[in-house]
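Q: My request is simple: use the sequences and hints to build the entire structure.
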Amino acid sequence: MDSRRLDLLHLFVTALTLVGWGTLLYALVVFDEARPEMSTIITQYHQIQVREFWLVSVYDKLVWLLWFCAGISMVNIGLNVYLRQVEKGNSWAAPALLFTVVIIAITVLTIWQPMMEPQAIVHHVSTVIAVS
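The sequence shown maps to residues 8 to 139 in the numbering used here.
It is worth saying that the hints were derived from the structure and are not from the lab. Keep in mind that this is a model prediction, so the values were computed, not measured. Possibly wrong hints are sitting among the right ones.
To be verified - Derived Cβ-Cβ restraints for the label pairs, each shown as a range:
| no. | residue 1 | residue 2 | range |
| --- | --- | --- | --- |
| 1 | H17 | Q56 | 19 to 25 Å |
| 2 | S46 | G78 | 44 to 50 Å |
| 3 | E94 | A22 | 16 to 22 Å |
| 4 | D9 | W74 | 33 to 39 Å |
| 5 | F19 | I49 | 47 to 53 Å |
| 6 | A103 | Q56 | 40 to 46 Å |
Stated by the list, open to error - Here are the simulated SDA-like pairs of lysine to any residue, each with C-alpha atoms no more than 20 Å apart in a straight line:
| no. | residue 1 | residue 2 |
| --- | --- | --- |
| 7 | K68 | L16 |
| 8 | K68 | F106 |
| 9 | K68 | S10 |
| 10 | K68 | D14 |
| 11 | K68 | A103 |
| 12 | K68 | R12 |
| 13 | K68 | E94 |
| 14 | K68 | E40 |
| 15 | K68 | G29 |
| 16 | K68 | E44 |
| 17 | K68 | L13 |
| 18 | K68 | L31 |
| 19 | K68 | I110 |
| 20 | K68 | T50 |
| 21 | K68 | V108 |
| 22 | K68 | L35 |
| 23 | K68 | R58 |
| 24 | K68 | Q92 |
| 25 | K68 | L18 |
| 26 | K68 | Q56 |
| 27 | K68 | R11 |
| 28 | K68 | T21 |
| 29 | K68 | A112 |
| 30 | K68 | W28 |
For each residue, glycine too, the CB sits at the ideal point set by N, CA and C.
A: Written out as structure tokens, the structure is:
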């Protein structure tokens, strides 16, 4: 492979890494929107209502973002393996770390199904059944 194509492939891999980490940061913002609000002593004392359930639509967006990030990481890891075979000395710790973080987040969110609003769960299940 000529050096110009290798340089373009390096730029593409770098761009994928940046997009992957940017997607993960955006997923953290979405996670903050989806999760229940914190109930503290102050909110209880002043009897301030807080949301004690996850928002289903935002939670679904979070899961899709994490899967997108995992896909980008896998493509990035594959391209880095190829680049390592073509030229020695290419480091690819960032995509491997990103993939590990994303897979752990997906696993935790899948195993620990968050408490959702009861009406939203019924709507969510009926939507999943209708799509299937």
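Q: If you check each hint against the structure, which ones fail?
A: 1, 2, 7, 9, 10, 11, 12, 13, 17, 20, 24, 25, 26, 27 and 28
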